[in-house]
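K.L.:
Since each chain sits alone in its own frame, please combine them into the complex, following the hints.
Listed here are the chains, written in short residue letters.
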Amino acid sequence: MKTTQYLFAGFGGQGILFSGKFLAYQGLNEGKNVSWLPSYGPEMRGGTASCSVIISDIPVGSPIVSKPDVLIAMNLPSLDKYEDSVVPGGTIYVDSTLISRKVKREDVTVYYIPATQMASDNKTPTLANMIMMGKVLGVEGTFDEEEKVVAALKKVISAKRADMLEVNLNAMRLGKDYQG
Amino acid sequence: MSEKVLMKGNEAIAEAAILAGYRHYFGYPITPQTEIAAYMAKRMPKIGGTFLQAESEVAAINMVYGVSATGKRVMTSSSSPGISLKGEGLSYLAGADLPALVVNVQRGGPGLGGIQPSQSDYFQATKGGAHGDFHMLVLAPASVQEMAELTVKGFALADKYRMTSMILADGTMGQMMEPVSLDFETEQAPEKPWAVTGTKLQRKHNIVNSLFLKPEELERTNFERYERYKYIEENEVMYEEYMMEDAEICIAAFGIAARVSKNAINEARAKGIKVGMIRPITLWPFPTKQFAKAAETVKQFISVELSMGQMIEDVRLAVNGKAPVTLCNRAGGMIPSPEQVLAAIEDAAKKGGN
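Line by line, the protein sequences are chains A and B. Sequential numbering of the first sequence, starting at 0, is according to numbering that gives the first Met the number 0. Sequential numbering of the second sequence, starting at 0, is according to numbering that gives the first Met the number 0.
By construction, these hints were calculated from the structure, which means they are not laboratory data. From a predicted model like this one, the values you see are computed outputs, not experimental measurements. Hints may be right or wrong, so weigh each one.
[What the hints assert, rightly or not] Ranges between beta-carbon positions, derived for each pair:
id, chain 1, residue 1, chain 2, residue 2, range
1, A, T108, B, D245, 39 to 49 Å
2, B, A342, A, Q116, 41 to 51 Å
3, B, T185, A, K159, 24 to 34 Å
4, B, E235, A, Q116, 44 to 54 Å
5, A, T47, B, L210, 26 to 36 Å
6, A, A158, B, E54, 32 to 42 Å
7, A, G30, B, P44, 32 to 42 Å
[Said to hold, decoys possible] In silico negatives: residues of chain B with every beta carbon more than 12 Å from chain A:
id, residue
8, T49
9, N208
10, Y228
[Claimed, not checked] Calculated cross-link-like contacts (lysine-lysine; reagent style DSS-like; alpha-carbon spacing at most 27 Å):
id, chain 1, residue 1, chain 2, residue 2
11, A, K66, B, K273
12, A, K31, B, K3
13, B, K41, A, K153
Beta carbons are placed, not taken as given, at the ideal position from N, Cα and C, and that holds for glycine.
Excised from the complex, chain B in its bound form (with noise of 0.2 Å):
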């Protein structure tokens, strides 16, 4: 294993992309992720990429929309307000079947909202993030070192499933250094016989569009698309387990939450209460069957979120009336404590979780 280095979570996924063979940057600034760009624009020109501020978000989302036409991996990345503009590229990106990979380092709104740390994209991620139907491989790390395996992963499945992957961490994940180990397999991308790099008089043209003006071939992509959806929600869902065996209490919560989560967990063990924690990997696919199989011996849930509450919708559709699903939160870029969750188990625990 190579040397552990300390960096931001900032830097890991940007190191990492680079070592996934992305060699093109697309962004504009905008805090808690503008390390990312600025670690673009010292290694790029090193290494024959290309490093583009472009002149917007939007710009910057059509720029990746391009490239990745032409076969190539790549990436852009933005806080809220910066992925609400880039909405109807994703949308575009979608609608052509095009990978690529996105990084949305949350930060609290709506509106310009703040810029410290928040998960209230929740749903504009996991539900579409722009319009018509589609979905987006939705993954949350919740380490230095996942910023970095999960960049790879995102690439990996982006290019699989040709459609986009969505980094969604927080201001937290993005500003925080840990050890991190950039010693992975990294896979190559895939031939792609779909991208337009030119005939050479040896083949048909190649057309990348997202325009269907007959209704019925336009039914025809959608119905395929969702047949690709439901594989991946069958076979591409991560999670992780923590001291579920036992468990009487579950808590559901991601990224920085997880991590809250987990001294909580700590302390109330401590105490003989036996709770555990399910923590999404995958948003989308949501891991529903592993929640659904808790709630055959859970007795209460407890969402914690860095929102107004909106995994908690999944948590309840997966869990389906079997136990009850509370919500242990704070919003605007305000980070539950310890002490909130641990208040929050033990309020469940009272009530008979236990």
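Okay, chain A solo, but in the shape it has when bound (with noise of 0.2 Å):
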């Protein structure tokens, strides 16, 4: 029995949202029990966002996260607020373009990633969101059958937008690929 808490946090327009919707549809294919809850009101209109997304083998109770298992931080005021809720033992995703520090908690595992910037060299400025995405699902092991991934991505890319879908995935591929 495994439940695991991701809490995305970053700015509005950032992805954000759309990132834990894909995750949510990953887990959803995979038959687990999912939720995913947004930060709402002004907060879409620019400032900070933020999105809880629960993936668990049983049925999902509250579905805030307060005490993230894996911390996907786009920006540095979302580091700075929620770097001490992240369990003991937790992950850490940090946009190492736009978050020059380093994190403080040592029983974290953590991870740089330089998104933003390697989003902009691929000429995709758009897709740093989905970049971290390939990172955490490297780690986590469920990037080494594509085809899920592009399951979960066709649920959310409209169909009219079909032509996204490859840059997602390459987006994703580049993330999934970076060493730091």
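P.N.:
So this is what it looks like as structure tokens:
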């Protein structure tokens, strides 16, 4: 019986909610219980945005993630705000283009990915979120079967924008292959 | 079973309403329920329905009154301050015995309050909602699946009893996404011989009205309506019991508060504390008998609410002094954490609840 609680946090517009939805579908396709809860209101229109995703073998109780197993921090205010809430032994993924400081905690595993820079170099400046996501899946070993990643992407990218599927997948591959 | 899709609670309500045969939307935007209107705006034109953003909440509820009088299934949605504006219309719907579905995705109050989740409209929803003697059927979903299923159920109950069904959700339920299966039975609306559809010179005029100037006549409508309410209280109560078999402490919670409480109950059980939960799904009619029965064995009750303590009054009435009932709450858009609920359970256990 396993329950993993994810917290995605960053600026509005970085695709925080989108990458969270992708991960929730990845879990749903695996037959897991999942929940997705966004911050809403003024935060969606700039400012900080966050998104709680829970993937579990048992029915999800509270959908609110207050003690994440995994934190994906896409800007400094988010790391400052949520670093201490991560459970001991948890994992923090840091976009090191936008966050220059190191994680202070010593009881967590940390991955630094210059995702925003990589996205810019790749000429897909809006896909730093999916580069981060690729790294998360790579570390968790859920990127091994790429067709499952494609299946989840198909759920979050509308058929009209099918051309974006390969673009997103490429961004995720970049993240997965990144060795910092 | 159909494939499960991820939907926001608000979207699940909108899609379920469409499945239940609902083809006319009247609303006015307000956070955190605007996705319902947005969904209807997108879907209704494609299926021959009407999407209308009214000039105000008051206008929207009166459009609901008009469409309901013609016998069509009809619905509106809003959030706390908007529901207060609809109050007059809710009373008129009750006075005219018109069926309707009204969704309240609650936010913190009073006043304009905030936009974060709340349950502080419990009194308003369950004790009438506006002037005059009347009730609404109040349904409290605790998952996105229930948002959909209770919408369909709400239409059926509204038609069956010619009254308003209210979905009493909150910002979390409206905004969160969960897997949902929309593969369920939907009943067609029953015949409505009272509806104003044109006589075609075949029958007498039907009149839909809530004005009765003769007090004897008005009293009769009230007594008749309360006969119906009594029947509903006997037959339409819905609730979920969780780990109540051997419980010595009982949590009372609905909606998001019940979700948080489940986490706390699981942790308390792991520590050997005998705690369970009664989750009312209908807030009116309230599961009074179930709480009264629990009070025969339970030593302490804890009402977990996103308000200053409103449902606790109904729990106390049901428990009727047989056991103490305490409150575990946050307000104003804050949500109790599982740790806070666990602390309340442990506190009760220390006092001899276990």
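K.L.:
Determine which of the earlier numbered hints do not hold for this structure and return their numbers in increasing order.
P.N.:
Numbers 4, 5, in rising order.
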